[in-house]
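Build out the structure end to end from the sequences listed, making use of the hints.
The listed protein sequences derive, respectively, from chains Z and X.
FYI, the numbering for the first sequence is 1 to 217, going by the numbering used here.
FYI, the numbering for the second sequence is 218 to 434, going by the numbering used here.
Honestly, the hints are just simulated from the structure, not real lab data.
Treat the hints with care, as some may be off.
Examples of chain X residues toward chain Z, derived with CB under 8 Å [unchecked claim]:
#1 E230
#2 D326
#3 Q327
#4 D390
#5 W398
#6 N401
#7 S404
#8 S429
Using N, Cα and C, we set each Cβ at its ideal position, and we do this for glycine too.
Protein chains: 2
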Amino acid sequence: MGDAFQVLVGGPEADWPEQLKQGQLSGRWAAADRGALRLLALGYQPEVVVGDFDSMSKAEQDDVFQQVAHVVTKTDQNQTDTELLLTTLDHLYDVERIDIYGATGGRMDQMFSNVWIFTNPKFQSLRSKVRLIDRYNEITFYEAGKHTLHKSPNMKYLGFMPLTPVTHLTLIDEKYPLQQWSGNPYSWSSNEFVGETNHFSFESGIIAVIQSRDAEI
Amino acid sequence: MGDAFQVLVGGPEADWPEQLKQGQLSGRWAAADRGALRLLALGYQPEVVVGDFDSMSKAEQDDVFQQVAHVVTKTDQNQTDTELLLTTLDHLYDVERIDIYGATGGRMDQMFSNVWIFTNPKFQSLRSKVRLIDRYNEITFYEAGKHTLHKSPNMKYLGFMPLTPVTHLTLIDEKYPLQQWSGNPYSWSSNEFVGETNHFSFESGIIAVIQSRDAEI
Numbered sequence: 001m002g003d004a005f006q007v008l009v010g011g012p013e014a015d016w017p018e019q020l021k022q023g024q025l026s027g028r029w030a031a032a033d034r035g036a037l038r039l040l041a042l043g044y045q046p047e048v049v050v051g052d053f054d055s056m057s058k059a060e061q062d063d064v065f066q067q068v069a070h071v072v073t074k075t076d077q078n079q080t081d082t083e084l085l086l087t088t089l090d091h092l093y094d095v096e097r098i099d100i101y102g103a104t105g106g107r108m109d110q111m112f113s114n115v116w117i118f119t120n121p122k123f124q125s126l127r128s129k130v131r132l133i134d135r136y137n138e139i140t141f142y143e144a145g146k147h148t149l150h151k152s153p154n155m156k157y158l159g160f161m162p163l164t165p166v167t168h169l170t171l172i173d174e175k176y177p178l179q180q181w182s183g184n185p186y187s188w189s190s191n192e193f194v195g196e197t198n199h200f201s202f203e204s205g206i207i208a209v210i211q212s213r214d215a216e217i
Numbered sequence: 218m219g220d221a222f223q224v225l226v227g228g229p230e231a232d233w234p235e236q237l238k239q240g241q242l243s244g245r246w247a248a249a250d251r252g253a254l255r256l257l258a259l260g261y262q263p264e265v266v267v268g269d270f271d272s273m274s275k276a277e278q279d280d281v282f283q284q285v286a287h288v289v290t291k292t293d294q295n296q297t298d299t300e301l302l303l304t305t306l307d308h309l310y311d312v313e314r315i316d317i318y319g320a321t322g323g324r325m326d327q328m329f330s331n332v333w334i335f336t337n338p339k340f341q342s343l344r345s346k347v348r349l350i351d352r353y354n355e356i357t358f359y360e361a362g363k364h365t366l367h368k369s370p371n372m373k374y375l376g377f378m379p380l381t382p383v384t385h386l387t388l389i390d391e392k393y394p395l396q397q398w399s400g401n402p403y404s405w406s407s408n409e410f411v412g413e414t415n416h417f418s419f420e421s422g423i424i425a426v427i428q429s430r431d432a433e434i
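Below, the structure written as structure tokens:
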């Protein structure tokens with residue numbers, strides 16, 4: 001059994017799942033920058049924090065640095081906070097699972113970065129271990145092969161998003177099947193599970209699978 | 218001078234710009250499905266509405282159909298509401314500009330669809346005429362060539378998101394320049410304008426440009 005982490009990056013609280021906001025998610029935590037302050041305020045104790053910390057006051061910095069085992073200061077501004085956080089966890093621990101919160105909402109350039117990170121060969125070993133979770137969505141990442149999907153409770157829709165060019169994408173037993181599709185990035189949205197378990201396969205590329213439910217509009 | 222439209226699709230109100238919520242956006246409107254009811258409630262008068270309308274009561278349908286000049290019923294469930302709305306506007310009018318609201322927030326599979334639509338050759342003629350606008354972002358779409366970008370008031374960051382494989386992407390005079398980059402879809406996030414006008418170029422593919430500002434977290 002490896003280590004399981006929950007990670008908070010910079011997205012707005014409005015897009016967090018209710019459980020996170022209520023301080024009800026048990027487990028180990030890591031955060032980027034002011035995410036550390038937000039976790040502490042909710043009663044979560046981060047083990048790892050990364051960032052340049054220049055948006056924190058000296059008092060806030062002291063508070064965070066005192067309570068956190070691993071503080072990594074960002075020096076390379078070409079790296080996003082999420083990238084540095086993932087690299088740090090991968091380096092410090094034998095990571096088995098990472099649930100990332102705060103990756104969506106607010107700035108779309110950051111949201112796209114948080115998804116496309118997982119096409120980077122640097123994160124190949126983490127790719128299958130990560131979930132991006134927000135109030136209405138759960139996103140997971142897949143390499144070529146045949147895969148089994150398990151329906152998340154509370155989610156209704158199923159989306160397939162090739163993040164790179166892919167070949168022979170086949171949605172085998174979902175509500176709307178697809179046969180041997182090849183092409184550039186695309187969003188196959190609004191599919192649904194048939195039962196609790198479905199399957200899909202493809203021969204090359206990287207695909208994000210999105211389980212989602214309707215927002216209260 | 219062609220026709221300029223504002224379009225409301227199904228995303229949650231929490232992600233709308235304040236002006237839209239306040240009923241302060243003048244101009245011509247089109248909507249998908251229950252978006253028509255939402256527009257009418259805010260005092261906007263849609264000219265065109267598309268959808269399958271099965272989520273509306275008979276009374277709601279009567280109300281909408283009475284007040285709207287063009288009602289197009291969706292029969293092909295392989296098409297998203299946004300696609301049908303764009304096709305309809307393109308067919309009925311000499312479209313010069315379309316601002317799309319409600320394309321983000323809530324379900325990520327739908328959000329990705331709303332962006333990747335513009336890689337479809339079917340929407341080539343609309344590609345350069347469209348903006349996706351939400352509370353924190355404005356997204357526009359570009360084909361190969363050299364382009365001039367104008368800074369939107371209220372926005373701070375500038376992101377470049379190749380939606381297809383692209384070649385020779387060059388960020389010429391932005392805060393963080395880039396030379397002749399070629400590759401698969403990627404998110405070059407957190408760039409910034411230098412002054413009010415900047416330029417970029419690329420030789421093949423399709424790129425989304427995202428102007429954004431930080432959310433109130």
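message: Let me make sure I understand: some of the numbered hints might not hold for this structure. Which ones are they, in numerical order?
response: Hints 4, 5 contradicted; others consistent.
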